[in-house]
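S.K.: So the chains spell out like this:
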Amino acid sequence: MQLALENIDLRLGGKDILRDVSFAVDDGRFVSVLGESGAGKSTTLKVIAGLLPQDSGRVLFDGTCVDDVPTHKRNTAIVFQDIRLFPNMDVRQNVAFPLKMRKVPRAERLATADRMLAAVQLEGFGNRRTYELSGGQQQRVAVARALAAKPDALLLDEPFSGLDEQLRAEMRQLVSRLHAEFGMTSLMVTHDADEALTMSDRIIYMSDGRVVQEGTPADLLLRPASDVVRAAFNDASSIEGRVEGGIFMSGKLCVSLADLAAYDETRAGDAALVGARANAPVEQVAPAIPDGPAVLVRVPDRTPFVHAL
Amino acid sequence: MNAPLEKRNRQTLLEKRKRQMRRATAIARTLVGVELALVALPLLVIVVWAFTDAWPWPDLWPQAFSARGIEQALSGRQNMGWDTLALSIGIAAACAVLTTAVAALACRALCHFQWRGRDVFQFATILPFIIPSTVFAMGIQVVFLQIGLARTVPGVILAHSIVALPYAIILMTDITRAAGTHREEAARSLGAGPWQMLRHVTIPQLLPGIVSSLSMCYIMSFSQYFLTLLVGGGRVQTFVLVLFPYLSGGDRTIACAYSLVFLVVTFAVFLIFELLLRRFGAREEGSLYG
Chain A
1 MQLALENIDL RLGGKDILRD VSFAVDDGRF VSVLGESGAG KSTTLKVIAG
51 LLPQDSGRVL FDGTCVDDVP THKRNTAIVF QDIRLFPNMD VRQNVAFPLK
101 MRKVPRAERL ATADRMLAAV QLEGFGNRRT YELSGGQQQR VAVARALAAK
151 PDALLLDEPF SGLDEQLRAE MRQLVSRLHA EFGMTSLMVT HDADEALTMS
201 DRIIYMSDGR VVQEGTPADL LLRPASDVVR AAFNDASSIE GRVEGGIFMS
251 GKLCVSLADL AAYDETRAGD AALVGARANA PVEQVAPAIP DGPAVLVRVP
301 DRTPFVHAL
Chain B
310 MNAPLEKRNR QTLLEKRKRQ MRRATAIART LVGVELALVA LPLLVIVVWA
360 FTDAWPWPDL WPQAFSARGI EQALSGRQNM GWDTLALSIG IAAACAVLTT
410 AVAALACRAL CHFQWRGRDV FQFATILPFI IPSTVFAMGI QVVFLQIGLA
460 RTVPGVILAH SIVALPYAII LMTDITRAAG THREEAARSL GAGPWQMLRH
510 VTIPQLLPGI VSSLSMCYIM SFSQYFLTLL VGGGRVQTFV LVLFPYLSGG
560 DRTIACAYSL VFLVVTFAVF LIFELLLRRF GAREEGSLYG
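Quick mapping for you: the protein sequence lines, in order, are chains A and B. For the first sequence, the numbering used here puts the final residue at 309, and the numbers step up evenly by one. For the second sequence, the numbering used here puts the final residue at 599, and the numbers step up evenly by one.
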C-alpha cells in the first residue's frame, strides 16, 4: 500500500507538534523517520494510524483519503517502544488478538498465531504468560502480533529503544528479514541514525515538527540538506564509486557485493573494512544493485552496505 | 592478649542482637494475636448468642441453647425472611454495579482527559464524604418525594449509590491512572472497535479495581440503615431495617441470628466475586495479574 501525508498540521496543548508535514512511502518500502526526540516522529505515526486526528492536511492510503476512517478500520498495526502486550492473555492469544478482532475462527487464528510466533523465532512459547518473557522476547511477540494483523502498513515506533545493544542488533536483522518476507509497507520511527542508514530504503529526517530532508540513506549521508542532518550522521563514513556486475569499485578499491553481505563486523576486527574474506559463508543474498553510481557506507558496528545513487 | 577479648566482645554483641530480634518477633506475634482476637471474639460471641435460649448474667456460658433465632431469621414471617434477604441482596448488587460503572467512567474522565473544570469535578466527587449522611438523607428525601422516587426500590438504590460513589472513585482512581490508555491504543491499532476494546482490554485491566469497588459498594448498601429508612419510607424493607429493632429492642438471640445471616450472606457474595474473577482468568495462583 502506498502511504502519503499531505500538509499535516497538528497543535497539542498550545504547541505546534507537526508543521506542514508531507511525504510518501511507496508500496512495500521500508522507510525510517529519523530525528531527535520531540521532533514529532511518534506523533506522525499516531496521525497515520488515526490515534490522533490532525488539525489540517490529509492522510492518503493508496491515494484515498482515510481521514474519516477510524483507527481500527485503517488496517495499520503499530509496534510500540513500550511493547504493550495484554497481560490478561497468554502469548498465543496476544498474537491472535488482531485476528480475533476480525472475527477469524478460533482454530484458524490460533494456527496463524503459531506461524507468526515461529516467524519471530518463538516457537513453543504460545502458552507462556507475557510477564514470564524477557524484554527482547516480549518485543518479538509484539512484532508477531502486528504481523498477524496482516497490516497494509506496519508502523514501528522506536521498537528497539528499550532493548540492550546485542538484542537490538538481532531485532534489526529480524525485522529486516520479516519485511523482506512479508513485503508490507513499513514506516519506522527512530532516533538512531545508523539504524536508519542500515535498515531503510529511504529516510525522512524530521526536526521541530517539520520534514527537513527526505531521500535515500546515501542522499542524506552525502548531501545533507542542513547541519542537523550532517550532525546526525557523524559516525558514519562513505566512499563514492560505481557498481558494475555485482562489484563495487572506487579507484583501486573493488568489493564484491556478495562478500559484503556476508561480512560480519563483529568478527572482523578493526583491520578489515573492505577485506571481505573469501571463506566467509554467504548467509544473506546480496541485494540486487543495478550497475551505475553507488556509495559504500560504513557505520560503526554494523555490516557495511552499498547503496545505488 | 587483645584478640580473644575482641572475639568475646563480638560474640556478646551478636547474641545481644539476636535477643533483640527474638524480642521483636515476640512483640509482633503478640500484636497480631491481639488483633485477631479483637476481630474473632466478637464474631464468636455473635455465633454463640444466635443459638442461645437463656444466658443470665453473670454466667460465663449460656444455660440453654435453641434454634429459635435462626428459625425466625429465615422463617419469612412478617416480611423478615428470604424475601427481605433477596431484596437486600438485589438492592446492594444493583447499587454496586451502578456505582462502579459511574465511578469507572468518572475516573476515566478524571485520569485520561484534560478539560476545563476537572479539578472542581474531582472535588465534587468526594463531596458526599463531607456532607453528613443524615443531612444528605433529609435533603434527598425531599427531592425524591418531588420526583416520585421516594418509597421506591430504584430510589433507595440511587441514594445508596450516591453515598457509595466517593469510595468507589477513590478505589478506582489509582488503577485507572496506572492502566493508562497505552494498551487501548495498541488494541485500536490492531483492529479492535470500541466495544471490543472495552471487553478485551479496558475491563480486564481495571478488573482488580472493579472488584474492590463492587465489594465496597455492596457492603455499604447492604449495611445502610438510616438512609434506607428515610428514602424507603418503611415500604422498602431491607435486611438491616428488620435487624435494627431487635438490636435496640433487646432480643439478642434474634439480633445475633440476623447478624449471623448477614455475615454469611456477605461472605458468600464476596466468595462469588472471587470465583468469578478466577473464572474469567483475571486471578491466577492467588494473585491478580500485573
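Since the hints were derived computationally from the structure, they do not count as laboratory data. Since this is a predicted model, take the numbers as computed values, not measurements. Don't be surprised by glycine CBs; every beta carbon is placed ideally from N, CA and C. Be aware that a few hints might be false.
[Said to hold, decoys possible] Between beta-carbon pairs, the in silico distance windows are:
hint, chain 1, residue 1, chain 2, residue 2, range
1, B, Thr490, A, Gly63, 30 to 36 Å
2, A, Pro300, B, Gln423, 41 to 47 Å
3, B, Arg508, A, Asn127, 19 to 25 Å
S.K.: Now, for every hint given, state plainly whether the structure supports it.
M.R.: Right, here's what the structure says about each hint:
1. B:Thr490 - A:Gly63: 30 to 36 Å: holds, 31 Å
2. A:Pro300 - B:Gln423: 41 to 47 Å: Cβ of Pro300 of chain A to Cβ of Gln423 of chain B: about 43 Å, so the range 41 to 47 Å holds.
3. B:Arg508 - A:Asn127: 19 to 25 Å: Given about 23 Å between the Cβ atoms, the range holds.
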